[in-house]
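Chemist: Working from the sequences, and respecting the hints, build out all of it.
There are 2 protein chains.
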Amino acid sequence: MSKKLFMTPRTQVKRLKERADYDQALIFAAIDEAIVGVIAFHDGINIHAIPTAIWREGEYLYVHGSNGSRLLKHLQTGAQVCVSISNIHGFVLARSAFHHSINYNAVCIYGAFEIVAESDKEHHMKNFMEHWMPGRWQHVRKPNKNELAATTVMRIAITEAVLKSRQGLPKDDVEDMDQPVWAGIMPLHLQLGTELQVIEQSHTHLPGKKMNAQLRKFHL
Amino acid sequence: MSKKLFMTPRTQVKRLKERADYDQALIFAAIDEAIVGVIAFHDGINIHAIPTAIWREGEYLYVHGSNGSRLLKHLQTGAQVCVSISNIHGFVLARSAFHHSINYNAVCIYGAFEIVAESDKEHHMKNFMEHWMPGRWQHVRKPNKNELAATTVMRIAITEAVLKSRQGLPKDDVEDMDQPVWAGIMPLHLQLGTELQVIEQSHTHLPGKKMNAQLRKFHL
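Here the protein sequences line up with chains B and W, keeping their order. All residue numbers for the first sequence refer to my numbering, where the first residue is 1 and numbers rise by one. All residue numbers for the second sequence refer to my numbering, where the first residue is 1 and numbers rise by one.
These aren't lab readings, by the way, just hints derived from the structure by calculation. Keep in mind that the hints are not guaranteed to be accurate.
Here are the simulated BS3-like pairs of lysine-lysine, each with C-alpha atoms no more than 27 Å apart in a straight line [claimed, not checked]:
{"#": "1", "chain 1": "W", "residue 1": "K171", "chain 2": "B", "residue 2": "K142"}
{"#": "2", "chain 1": "B", "residue 1": "K142", "chain 2": "B", "residue 2": "K73"}
{"#": "3", "chain 1": "W", "residue 1": "K145", "chain 2": "B", "residue 2": "K171"}
{"#": "4", "chain 1": "W", "residue 1": "K164", "chain 2": "W", "residue 2": "K4"}
{"#": "5", "chain 1": "B", "residue 1": "K171", "chain 2": "B", "residue 2": "K14"}
{"#": "6", "chain 1": "B", "residue 1": "K126", "chain 2": "W", "residue 2": "K171"}
{"#": "7", "chain 1": "B", "residue 1": "K17", "chain 2": "B", "residue 2": "K4"}
{"#": "8", "chain 1": "B", "residue 1": "K17", "chain 2": "W", "residue 2": "K145"}
{"#": "9", "chain 1": "W", "residue 1": "K142", "chain 2": "W", "residue 2": "K73"}
{"#": "10", "chain 1": "B", "residue 1": "K164", "chain 2": "W", "residue 2": "K73"}
{"#": "11", "chain 1": "W", "residue 1": "K17", "chain 2": "B", "residue 2": "K145"}
Modeler: Written out as structure tokens, the structure reads:
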């Protein structure tokens with residue numbers, strides 16, 4: 001049986017709570033499907049919500065960026081944040097306007113980020129690349145000392161988190177079943193385009209097929 | 001010449017400011033490309049960041065939901081929020097690990113939402129559906145009085161907003177140009193799946209082609 005995360009006042013869903021889940025495996029799967037997450041924080045005056053690339057390793061969510069990033073500098077103060085990660089799976093087309101919906105999953109992670117040690121950064125950057133482009137790391141020019149020194153890597157424990165999702169067919173009212181309109185699901189997925197913009201054709205380590213498989217793994 | 005929005009302390013981008021833009025037409029185009037936005041708010045104790053379907057009409061961004069929604073109830077207090085709307089256009093694969101990136105656009109809108117009058121709700125819900133599924137509204141069963149009464153529609157002026165984006169090819173260092181690895185852009189777009197999950201085949205108002213054109217308009 002998959003582990004359940006503890007519900008807290010911040011993660012307790014009250015409306016449509018049948019769509020909420022605290023199952024660790026489901027939360028991890030939704031996170032692994034997404035390329036970016038939105039980190040919401042309060043800088044003392046205003047609220048900001050900034051998208052950034054994410055990846056998961058075990059029970060932690062990782063982000064990275066320049067040392068000069070306002071977001072990363074703020075996270076280093078130990079500020080409480082909410083990370084929103086969501087994926088759209090389709091439009092739900094019902095017979096009535098009211099029952100139209102979207103199939104999706106959405107995770108909120110609450111807590112504070114911590115900084116990753118200098119000596120561990122390269123390892124995590126490699127894991128990030130290998131998540132989307134398996135096998136690519138061995139072919140690229142690795143980060144040098146200056147590049148690693150200019151990069152901040154941070155992580156947040158995925159312990160206080162909740163998943164909300166909708167799946168399945170439209171739920172129309174019985175009296176609408178004869179409405180003369182098409183109803184069903186129009187699936188949507190983030191997909192690699194067919195036209196790669198190649199700038200270097202002489203080399204052979206083309207990541208296309210493996211990466212597409214990775215992207216499609218969760219969508220089809 | 002397209003209108004420029006005023007820069008404010010909240011919307012002033014300091015890092016990589018060459019990626020920032022205050023051009024109204026570019027901001028509107030990025031918003032129109034997205035299905036959901038993430039609304040970040042502070043409830044007095046914690047920060048939350050909640051994804052919800054969005055659409056634009058003129059200089060306003062609209063959202064809707066159940067009267068019971070915590071998010072919508074909170075927005076009605078006039079709370080300051082940040083709405084984050086982003087779209088991913090491709091992975092940027094460079095010769096060096098360090099110069100890998102993502103092509104994207106991302107809008108932050110700051111301000112407060114206001115409620116839409118009861119008598120205007122149906123009009124805006126129609127506009128929402130017609131944005132993604134042109135021509136569908138005339139075929140579905142329209143919202144009745146109870147359904148409209150149970151729905152809250154809100155909007156925020158798109159006046160204090162900023163766009164950040166990256167486009168184009170990888171920018172490798174000169175000394176890496178002989179690295180034996182493929183480099184270029186792997187385009188990504190949210191796309192309608194080929195397998196519709198049809199639950200009602202006897203009717204003919206299939207929105208597929210028009211909707212796909214709408215989705216692809218901004219991506220191809």
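Chemist: Hint compliance check: list the failing hint numbers for this structure, sorted ascending.
Modeler: No numbers; nothing is violated.
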